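Asker: Below are the chains, spelled out letter by letter.
Number of protein chains: 2
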Amino acid sequence: MAKFDEVVAANKQFASSFAKGGLPMPPARAVAILTCMDARLHPEQFCGLDFGDAHVIRNAGGRASDDAVRSLVISQRLLGTDEIIVIHHTDCGMLTFSNEQLVAKITKTSDPMPATGTSSPSQIWSKASSTMSTSCAAHPSSPTTSPSGEPSTTSNPEGSRR
Amino acid sequence: MAKFDEVVAANKQFASSFAKGGLPMPPARAVAILTCMDARLHPEQFCGLDFGDAHVIRNAGGRASDDAVRSLVISQRLLGTDEIIVIHHTDCGMLTFSNEQLVAKITKTSDPMPATGTSSPSQIWSKASSTMSTSCAAHPSSPTTSPSGEPSTTSNPEGSRR
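Chains as they are written, first to last, in the numbering used here: chain A, 494 to 655; chain B, 494 to 655.
Hints in this document: simulated from the structure, not taken from any laboratory.
Here the structure is a predicted model, which is why all the values come from computation and not from measurement.
Take the hints with a grain of salt, since some may be wrong.
A pair holds if it fits inside one copy or across any two, identical chains being indistinguishable in the list.
Unchecked claim - Derived pair list, reagent style DMTMM-like, types lysine to aspartate or glutamate, alpha-carbon separation capped at 20 Å:
no., residue 1, residue 2
1, K513, E576
2, K513, E537
3, K513, E593
4, K598, E499
5, K598, E576
6, K513, D584
7, K601, D575
Work the whole structure out from these sequences, hints included.
Answerer: Structure below.
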């Protein structure tokens with residue numbers, strides 16, 4: 494069975510007993526979580542979130558990328574969240590390679606570059622790791638950030654177990 | 494209690510009984526899910542994912558943005574996933590406003606534009622909604638996509654309940 498079909502089957506089973514389909518769009522706890530795409534992280538579980546509680550934004554490394562900031566702007570300005578919690582974790586894959594290594598790996602295996610496109614692959618690849626970030630606190634689109642003075646991070650379950 | 498403190502407290506409770514801290518970094522099911530940040534979506538639950546199963550990338554609208562493609566490149570080229578499942582949902586907030594409306598809303602409430610910065614706020618805002626996307630299948634960085642010929646979407650729990 495293809496993974497797509499497995500997910501659809503799992504979703505059908507989930508939907509058969511799902512009873513929270515009427516929740517409102519704005520997050521009930523008015524908070525947005527920004528964290529990594531890492532498969533070992535299940536943010537709703539390790540943050541104690543119920544359905545409808547919080548926006549969850551995820552990318553490779555949990556970076557405050559332009560796209561994450563875009564999402565946070567929408568989260569705050571249109572959907573009423575007023576706090577951002579950024580959660581990084583131990584053993585993150587983003588710490589295991591350099592931009593140059595990724596570019597080299599892709600260049601060897603990819604099809605030829607397209608002549609035109611919405612984005613240049615080299616633009617994406619050249620900023621694949623930690624250089625691509627923005628300070629949430631400093632960004633003019635973010636009116637509110639974490640209320641604490643310390644960095645808005647919590648240890649992840651893996652971290653707390655190691 | 495600040496929301497940050499609530500999340501930290503919930504995380505401590507979660508970590509106290511968490512027993513899967515030794516999972517490997519590459520996703521066990523070699524799949525990446527791209528979906529929306531919507532608070533009502535808990536992808537791990539509605540996709541039937543266990544800890545360590547799949548990368549989960551989320552942004553406002555579940556868009557194949559540059560940053561999502563960056564994450565997918567890393568997912569596939571460095572961490573071995575070979576299938577992408579894009580999941581959109583009913584009642585998405587991204588369908589409730591235009592770029593122009595968001596820009597107007599932010600312009601009224603924001604601090605003055607900074608003279609310099611990593612990204613121009615107007616660049617981010619001007620592409621806040623559905624115009625910012627890339628075809629995963631067409632993108633040269635994505636060697637593999639969904640095995641099915643149909644769109645890689647599943648209905649979300651809300652959708653299936655309405």
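Asker: Now tell me, hint by hint, if it's right for this structure.
Answerer: Hints versus structure:
1. K513 / E576: This pair counts as neither: shortest intra-copy Cα distance 24 Å, inter-copy 29 Å.
2. K513 / E537: For K513 and E537, the Cα distance is within 20 Å both inside one copy (15 Å) and across copies (16 Å).
3. K513 / E593: neither (46 Å within a copy, 33 Å between copies)
4. K598 / E499: Close neither inside one copy (30 Å) nor across copies (42 Å); limit 20 Å.
5. K598 / E576: between (38 Å within a copy, 19 Å between copies)
6. K513 / D584: between (35 Å within a copy, 14 Å between copies)
7. K601 / D575: Classified as between; 17 Å across copies, 44 Å inside a copy.
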